[in-house]
Each structure stands twice: as structure tokens, then as C-alpha cells.
Amino acid sequence: AQRVTQPEKLLSVFKGAPVELKCNYSYSGSPELFWYVQYSRQRLQLLLRHISRESIKGFTADLNKGETSFHLKKPFAQEEDSAMYYCALSEGQAGTALIFGKGTTLSVSS
Amino acid sequence: ETGVTQSPTHLIKTRGQQVTLRCSSQSGHNTVSWYQQALGQGPQFIFQYYREEENGRGNFPPRFSGLQFPNYSSELNVNALELDDSALYLCASSLRGEQYFGPGTRLTVT
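Heads up: the protein sequence lines correspond to chains A and B, in order. If you're matching positions, the first sequence starts at 4 in this note's numbering and goes up one per residue. If you're matching positions, the second sequence starts at 5 in this note's numbering and goes up one per residue.
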């Protein structure tokens with residue numbers, strides 16, 4: 004069965020430190036992978052998707068099919084990065100259902 | 005461009021009652037998905053509608069039903085409410101594979 008695992012419930016780092024939010028998935032086909040972010044009192048919003056290969060707000064994520072991982076990285080964390088981050092996959096067809104992990108809270112302190 | 009809106013913001017119902025939640029899609033988006041987010045969990049896919057037809061369903065019982073209208077707005081109906089139905093219900097509209105979420109409706113069942 005398709006599954007997304009985010010092993011860390013909470014990740015606390017200092018401003019300027021590197022960040023890596025882990026995401027592993029279980030899927031037999033070729034999924035599309037996404038990272039969504041939810042800032043305090045805001046709605047869930049798309050941060051990035053693997054097919055676009057973009058860097059958004061300094062974040063990048065590389066799809067590793069061998070390790071079935073899609074970790075989110077940023078070299079230097081900022082306080083405004085504090086939020087809840089969700090990794091999600093869809094079945095490779097545009098617009099199909101998203102399967103979410105349980106989320107990781109990132110807390111960046113000065 | 006108007007984003008996804010949902011109504012009501014929150015409501016309280018009694019076990020056994022029925023509830024209808026509403027969603028207005030982002031302009032031009034012809035696909036709408038509904039998710040249930042329990043406390044401390046990631047969103048869980050309920051179902052999706054594409055051009056007024058159900059286009060996929062998650063592991064939810066038939067008492068969860070939906071509609072999509074010609075203007076692509078949508079309703080989620082839940083019959084015979086149970087205490088475990090208490091959650092945040094999210095609607096997302098999509099175009100070309102990217103889903104845009106509404107702010108959610110917080111449902112409390114007592």
C-alpha cells in the first residue's frame with residue numbers, strides 16, 4: 004500500500020543551521036512527490052514538487068528512487084521557516100489523490 | 005484571482021446528525037478533492053470530483069458523500085455523524101496536478 008513516512012514529529016534548529024526534513028515513501032509505481040507547508044494560522048500551501056526541480060524559499064528536495072526518499076533541505080534556516088511541513092505523494096497522474104505523511108514541525112530559534 | 009474558500013469555518017453537531025460542508029474552487033479549476041485531517045495527523049483523502057463526477061475515493065464509508073456543481077463548487081455531506089468524525093475538513097481544487105487548499109472547516113461532533 005502507498006505510504007508516506009515522516010519519522011520526525013519535531014525538528015528544532017538554530018537560525019543559520021542546515022535543515023533536513025526526512026520523507027520516505029512506499030509506492031510500487033512512479034509517484035509524484037510534493038512538499039506542503041503550513042505556517043501558523045495559514046492554509047496548507049504547496050512548497051515544491053519534484054518534477055519542477057525548483058528551489059523555493061531556499062528549499063530543495065531530490066527524489067531518490069533507490070532509497071524511496073524525498074528529503075527537504077535548506078542550507079541555512081531562517082526563523083520564518085518555522086512551520087509544519089508535510090510530504091505527500093500522488094500516483095503520477097496529474098491531480099489525483101494526495102497521500103500525506105503525518106508532518107514534521109520545524110522550529111527555528113535565534 | 006480568488007483562492008479556495010470553505011464554509012462554514014467551524015460548527016458543532018451532535019452524534020447521529022447530518023452535516024453539509026461547502027467549498028468554492030479557485031477560478032478555472034475543474035477538479036476538487038476533499039480531505040479529513042484529524043488532530044496530529046496529515047490530511048487523509050476522502051474523494052475527488054472531476055467535472056461533476058466522482059473520480060476517486062479513499063477509505064471512507066458511504067455515509068461520506070459529495071457533489072460537484074457546474075460552476076465547480078462542491079459539497080461534502082456526512083450522515084449519521086460519529087464522534088470520530090470530529091476533524092478539520094479540507095477542500096482542494098486543482099489544475100494541472102497542483103492542489104490548492106482552502107482554510108478548512110473544523111467539525112466537532114459531541
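For the record, the hints were derived by calculation from the structure and aren't laboratory data. All C-beta atoms in this analysis are idealised placements derived from N, C-alpha and C, irrespective of residue type, glycine included. You may find that some hints are simply not true.
If you want the footprint, here are the derived chain A segments under chain B, 3+ residues with CB under 8 Å [claimed, not checked]:
#	stretch
1	21-35
2	102-109
Which residues of chain B face chain A? A partial, calculated answer using Cβ under 7 Å [claimed, not checked]:
#	residue
3	Pro12
4	Ala42
5	Gln45
6	Glu58
7	Phe64
8	Pro66
9	Phe68
10	Pro107
Between beta-carbon pairs, the in silico distance windows are [claimed, not checked]:
#	chain 1	residue 1	chain 2	residue 2	range
11	B	Gly7	A	Ser110	25 to 31 Å
12	A	Pro78	B	Pro66	47 to 53 Å
13	A	Phe17	B	Thr13	32 to 38 Å
14	B	Leu71	A	Asp65	28 to 34 Å
15	A	Ser112	B	Thr24	23 to 29 Å
Here is what the structure says about each hint:
Only residues whose beta carbon comes within less than 8 Å of a beta carbon in chain B count, and the stretch 21-35 of chain A has 1; fewer than three means the coverage is violated. Coverage of the stretch 102-109 of chain A by chain B holds. Counting CB-CB distances below 8 Å, 5 residues qualify, and the rule asks for three or more. Given hint, proline 12 of chain B at the interface with chain A, is violated; its Cβ is 16 Å from that chain's nearest Cβ, farther than 7 Å. The beta carbon of alanine 42 of chain B comes no nearer than 10 Å to any beta carbon in chain A, farther than 7 Å, and the hint placing it at the interface is violated.
Interface restraint check for glutamine 45 of chain B: the shortest CB-CB distance to chain A comes to about 6 Å, inside 7 Å, so the restraint holds. Hint on glutamate 58 of chain B is violated. Least Cβ distance to chain A is approximately 12 Å, over the 7 Å limit. Given the 7 Å rule on beta carbons, the hint for phenylalanine 64 of chain B is violated: about 12 Å separates it from the nearest Cβ of chain A. About 18 Å separates the beta-carbon of proline 66 of chain B from the nearest beta-carbon of chain A, more than 7 Å, and the hint is not met.
A distance limit of 7 Å between C-beta atoms decides the matter here; for phenylalanine 68 of chain B the minimum to chain A is near 14 Å, and the interface restraint is violated. Proximity of proline 107 of chain B to chain A holds as hinted, the smallest CB-CB distance being about 5 Å (cut-off 7 Å). At roughly 27 Å, the beta-carbon separation of glycine 7 of chain B and serine 110 of chain A lies within the given 25 to 31 Å, and the hint holds. The beta-carbon spacing between proline 78 of chain A and proline 66 of chain B, approximately 49 Å, falls within the hinted interval of 47 to 53 Å.
Evaluation of the 32 to 38 Å hint for phenylalanine 17 of chain A and threonine 13 of chain B yields a pass: the beta carbon distance comes to about 36 Å. For leucine 71 of chain B and aspartate 65 of chain A, the hinted distance range of 28 to 34 Å is not satisfied, since their beta carbons lie about 40 Å from each other. Taking 23 to 29 Å as the suggested C-beta distance range, the pair serine 112 of chain A and threonine 24 of chain B does not conform, at roughly 43 Å.
In terms of the numbered hints stated before, the structure departs from hints 1, 3, 4, 6, 7, 8, 9, 14 and 15, listed from lowest to highest.
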